[in-house]
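Enquirer: If you want the building blocks of each chain, they are given just below.
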Amino acid sequence: MDNITKSILKFIIKSLAVVLPVIAIAIMWYVATDPFKVVRHYNCYLPDPIETPVRVGINKGLITLTNFNDRLSEGYSYNAFIFGSSVSCYYDAVSWAHLADSTGKAHPYHFDSSGESLMAMADKVEYLDRTGQPIDYAMIVLDPIVMSANQKDGPSNINPPQLMSGLIEFLKYHYIYFRASTNADFFKSWIPAMLTGKPCNNGHNIVFEPQPIVYDPLINQESLPLWDSIISANPVQFYNRYPLVPSPDSITINDVILTTDKVEALHRIERVFTRHNTDYHIIIGPNRRKVVINPVDLDTIINCFSAPNRIHDFSLSKAHILESDTLLYDNTHYRSTLALWLMQEVYRKSNIR
Amino acid sequence: MQFTEISFAIFFSVVFIIYWLVLRRYVIMQNILLLASSYLFYGWWDWRFLGLIIATTVSTFVTAMGARSKYGFLLTVSNIVLNIGILAIFKYLNFFSENLQRLFNLLGWNLDWFTIDVLLPVGISFYTFQAIAYSVDVYRKRIEACHDPVAFATFIAYFPQLVAGPIERAAQLLPQIERPRTWSTEYASSGLRMVLYGILKKVCVADMLAIYADRLFLSSMSSPLIILIAGLLFTLQIYCDFSSYSEIARGTSRLLGIELMANFRFPLFSRNILEFWQRWHISLMLWFKDYVYIPLGGNRHSRSRTIINTFIIFLLSGMWHGASWNFIIWGAYWAIVYTVGKFAIGLSRRDDTIELSNLPSVAITFGVVSFGFFLFRCNSWHQMYAGFTCIWIYLLAFSLLWVITKIMCRTGISQTTMIFIGIAASVIVCVSGYFYWTKLLKAWWLLPALMVTVIEWRSRNMDYPLQYISKHSSVRLTLYWICIALIILSEPVDMTFIYFQF
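These protein sequences, in sequence, are chains A and B.
Reminder that position 165 of the first sequence reads as 165 in this note's numbering, one-by-one numbering, no gaps.
In short: position in the second sequence from 1, add 1000, done, that's this note's numbering.
No wet-lab data here; the hints were simulated from the structure.
Where is the CB? At the ideal position from N, CA and C, for every residue including glycine.
Among the clues, some could well be false.
To be verified - Now the in silico label distances, taken between C-beta atoms and shown as ranges:
#1 B:W1481 / A:L218: 47 to 53 Å
#2 A:T5 / B:I1423: 51 to 57 Å
#3 A:P212 / B:I1482: 38 to 44 Å
#4 B:N1099 / A:S250: 57 to 63 Å
#5 A:L171 / B:V1022: 22 to 28 Å
#6 B:F1435 / A:P212: 25 to 31 Å
#7 B:I1018 / A:I25: 29 to 35 Å
#8 A:P212 / B:K1471: 54 to 60 Å
#9 A:E264 / B:G1085: 37 to 43 Å
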């Protein structure tokens, strides 16, 4: 080895010796604190909001998959799945299972995730298929606004490791969480929360779970009983604290948003459902902003599944329903009462047919 | 693939290792590696526009080979027209078609069916200018035509400076590409230091300033104070953003044993507007001087002709930034200010060192520059109008600052006074911190901003920031660790470098 090569190698080693200690400290912090619960396995990802008021927002997809595998290993079995974004989180799985099969053969599980894109949904459906899970019943809950989402790589919506393949994806996953838990925007919220014991969303991004979610691990269901009781008892107080945008007078027809990769995702879902002979329904829910799915997109979904009676567009038929504040938790998420009513409509129409 | 992303760090590490450890003895292989890396780097942005950069390369290379023949003039002009044509189509066609539509609509003719939406290739303004400069230099016999296609293609597509400059001259860059590179640990260390500092300035200061500047420019601009602060913030943002890119580009290139020209020499410490244009975006202004101003006659003719030439340069400089009226008005603003400054007030360029006693003139120059950048950033005619009607607040604020700095310089600031001010400031910060510590946490980025300000001031008479730092390795190491820690702490705001859009 000549002197120049030695000199270059020495330079590389010295540079690494300068850079690595700081990075090592940051990695040790990330591994030791694991604020997003991605490094280690936990028995409980969403503790009770009263007992643990300071809860860092965990990737719902991670909770869904990890909890699912944990329940399977305990001997639980599932054959009925709700897919969707956080909008579908408040669909009561037990009520839905009863509607889908009144004999009690449907064992439901929420298989949804925050900001779920169609591609990520297809990944989850294929995961169930690949791991040999029966998909006898399925409900997909879509929203015209959330449907526009492309696959993102943020901490709240990146696909969990169970859906990943390869070292690069694994490293990318942990890099995203490493950056999320070591940047100043995170610390702006985290430090005050640790010192005061109260959640404090002080930065540009929301770090702590903003809602007092009560979690049922058996069916992976989230509910907001505290908010439900406040809305029932004193809606004015609730909506003063969490104001809603005004509902527009007229509907807006959304742009065509089903791109090639989204259509392909729908086909992937359809193929799995066909293989499993799944009894499924797809709900396109209403929203506060009265954004209606584009007829072209609706036709695309119908054509993908070749089953018009299984596609239920409430974004148009029930566009005005969310003018009522008390059916909403916030501008995007409607309450389980409306979700139940929509499901009942779906199965009433299905039974008539 | 931005310079501040982990993907670039991995990409460059691989290139660096192969470049020096495997291919060090083979210049041609090093150039092939650089060329392949440059095309990969550019294609990562948008592979569809690789064809354009290759077209520019081939056209310029071929026409330069015949530049000294009897058809030399024709070939050179053809290449210039081709490159300007490419620039015009991709950069200005949308602008002209929109304005043509508006004009026809005003006349009552509906041209709504005529719409063009052309994507702007990244870096097009930089590499086309670089190619044009080469063509002209060969034709004028300033340099010999390059006969090595790989070296030439590398010169055009060289990734450290491809997307946002500096606009290099062939006489400076091509010989470095053609000859063997020499490894120097000191040179490489200084390069790495430039990269580290550039990244710090970008992610911890420029991106944070951008958040606040963007918010202000999205607001109604109803208050003169908002107009003032918006201009200040954006000036600091664009300086930190663009200069950090140039420092990273230069540092990256040094790590490859190639020196790029300095594109910024602490322009915000300029003492007059002529000096500002000696220090800001140096490569672009030199390009306009050599290839437009001087061929138009420069200052060799009458004063009125010189003034016209000056106007042309600044208007073209404004238009170079983009196809938008705010850039043209920014160019016009500088044309007027520069002309008044040079010919009416009699300002002259300055090459002496910047001292504390120059603070008053630095303050005034900064005010002039800030207003210009306010216009540069405006989103609408309404904002520009608001800016012009509130120009008085810039005059007032910077006159006040001039008075304060003048008094400070006249009376002198003793060490005792500085210590007293420092203690008072610390007490205020501690007390506010105790009561408003959560809010104070939001302003964490002011610490790296202060650090950058101190570094820039201490480096103001150097070639680049941190050119000379302590000879004590412990001090250097501490500084590097602080920089790396701050970079890790930087907020993930995902801001592209501003000049990538040009």
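Enquirer: If a hint holds in the structure, say so; if it doesn't, say that too.
Expert: Evaluated hints:
1. Checking the proposed 47 to 53 Å range against W1481 (chain B) and L218 (chain A) shows it holds: the Cβ atoms sit about 49 Å from each other.
2. In this structure the hint that T5 (chain A) and I1423 (chain B) lie 51 to 57 Å apart at CB holds, the actual value being about 53 Å.
3. Taking 38 to 44 Å as the suggested C-beta distance range, the pair P212 (chain A) and I1482 (chain B) conforms, at roughly 40 Å.
4. Range check, N1099 (chain B) to S250 (chain A): Cβ separation about 34 Å, and the 57 to 63 Å hint is violated.
5. As the Cβ distance of L171 (chain A) to V1022 (chain B) is approximately 25 Å, the hint placing it in 22 to 28 Å holds.
6. Judged by the Cβ atoms, the range 25 to 31 Å given for F1435 (chain B) and P212 (chain A) holds: they are separated by roughly 29 Å.
7. Between I1018 (chain B) and I25 (chain A) the beta carbons are some 30 Å apart, a value that agrees with the proposed interval 29 to 35 Å.
8. Between P212 (chain A) and K1471 (chain B) the Cβ separation comes to about 58 Å, which falls inside the hinted range of 54 to 60 Å.
9. The hinted range of 37 to 43 Å is satisfied by E264 (chain A) and G1085 (chain B), whose Cβ atoms lie roughly 39 Å apart.
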